[in-house]
Amino acid sequence: MKRRQQVVTTLALISLAAIVPAALAPVHAQEVLKVGIIGQFTGPFAVSGEQYKQGLDSYLAQNGAMASGRKLELVYRDTGGPNPAQAKRLAEELLVRDKVSILGGLYLSPEAAAAAPAVNETKTPALLFNAASPSLMPASPFFVRMGQNISVPARLGAEWARSLGKARGYSVVGDYTPGHDTEAAFAEAFSAGGGQVVGKDRVPLNTVDFAPYAERIANADPDVLEVFIPPGAAAVSFIKALAARGLTQKILIIGQGEAEDSDLHLFDDSVIGFHSIIYYSSTVDSPENNAFKATLQQKFGAKVLPSTFTLGAYDALTLVHRMLEAQQDKGFDGKTAIESLRGFSWKSPRGPVTIDPATRELVQNFYIRRVEQKDGRLQNVVIKTLEGVKPPGVK
Amino acid sequence: MSTLAFVLLYGVSYGLLLCIISVGLVVTMGLMRVVNLAHGAFAAIGGYLAMGLLTPLGVPFGLAIVLAVVAVAAFSVVIERLLYVHLYGASELDQVLLTVGINFIVVAGLTLAFGPNVLPTRLPASLATSVDLGFRSFETYRLLVLGVGVVVIGALWLVFERTALGARLRAAVDNRSMTQAIGIDVSRLFSIAFALGSGLAALGGALGAPLLPLEPLYPFKYLVLVLVIVALSGFGNIRATLLVAVFVGIVDTAGRYFLPDSGSFTLYVLLIVLIVWRPDGLLARRARR
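Residue numbers (my numbering), protein chains in the order written: chain V, 1 to 395; chain L, 396 to 684.
Here are the computed distance ranges between Cβ atoms for each label pair:
(1) L:Thr524 with V:Ala184: 30 to 40 Å
(2) V:Asp375 with L:Gly447: 24 to 34 Å
(3) L:Gly447 with V:Trp346: 35 to 45 Å
(4) L:Arg634 with V:Gly376: 45 to 55 Å
(5) V:Ala302 with L:Leu538: 38 to 48 Å
Think of the hints as simulated: they come from the structure by calculation, not from any bench. Think of the CB as a built atom: it goes at the ideal place given N, C-alpha and C, for glycine as much as any other residue.
Using the sequences and the hints, build the whole thing.
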């Protein structure tokens, strides 16, 4: 018995001796740089997480995992639904235990806000794939926006509606921070342009039947409606309710990401005539966008279309490359990394983008689109491109 | 006047839909004393089945719903015989653990099979219109919900109050051991009632898909609404369920119309007040105390 134990121990030791150098060798050969990705990979907004992954994978498929001599390793963490407390905990875990050098993802603004203290403490660059509240950028000097400042499309919507002669504005927004920001930005720009805001509603996020809101809007008799509702079930139900009340055909409805190209198949024909103002359209005809779509569809199926979520994740890796390029052969330093992004311009699938040096907001194109039945399917048709739009605070 | 008409029409049609989904749980809970938190899962499966038959296979809307209801009812008997039998007489904790577990399995299964997004539902062209009621226009689809709701609840009430099966069911709700003692096969009654309840849930899920969008989290998302109605209805009381569901529909619609920002709370205020006032349900018979 004892001898057998000895044999086993010896064998174990021998195999360990064989494994250890083999395991250590690649670490010495190339330095690994970890990027932590926090997203909602399950739960009601799991689509956003799926699209984050698709965007990141598409970038890696095009450019490989090597960046300036370092090997990128993506570490995924799931908040399991809208959960700022969990996002905060996961950010701390990724930064302290997993020692990630860069953070990315963070779906909703409250989740990004919750991660801010950990990001500031560890001086880690954090790329916000989607979170859009204006209050986020002042919360951390290490945040960089990959999407938009939500007040921008609301302001553009108000200005566009005024230019079309619309005089009576109404806003319906989800009852959480970015919704409130949208409401305020729309009201300010619409009134400043000489229009009258005849109603504003904040819709609780647990709303099931949207008919009462459609009825309120119809009774207030506006000629333009600004909308900000989370994508998915709520957006589908709300747009259906508007159409059932005959509003889609009667007034100008301007949303943001409620009916993105990747989500259009969820709607029935009631969505026809819905307008959106958004910083990316999958129909943009540029070499960058065509290559992006080709890789995405080759990897995930011919029917898959990119959304702003897919794009935000994809572009984030461009910035990761930029940060590493700026400090080759040195230890990674968060402050230097952020400095290297200030004023950086690149050709994104969404069009030319510049990171504003002062605010870390993006100067980028916005697209005004209308849903139409075209070539036998629903499509967002770009009716106007607004080039190089500056977010508030950008000179 | 037009506001009142709006609140009534939309509130009642919404309430009747909630009634169709909830009434099955009221019956099975009254009969079996099992808190079936997986009730919404049967509604979701019914909805997914019907929409799967409707859109890709082109089965007519009505037939798709009927097939889905029958399939879910049959399937639920199997589940009842395999799983729920173990819950009769078990503690509430066991019941909650098992039925919530079933919910999780269904949510994961639906995500795996259909992805995390909402399932697209396209109404047949004939229903996606509006009818002119004289004083205002009204969605044809909601009119259908109203009609189906009245017929189904009416039929259910007739079965419950006027047939021998209904009498046996009522007897078992009131006093299970005495019912068994006089020679009524209560376990068969359980299966029938469970199939009926799940079938009604599937009907609500399928018919209601345009209003309550089908998504993997459906079993949890609408659980609160259903439980509000069940709690206010009391055990096995169909009349109370109808009353409560329509009331909930009207209060929710009116709350959101008049107080859009805080309208979602009116329902819960109502729930608290009613539970305190009538803890056994709105129309509970007080004589049994």
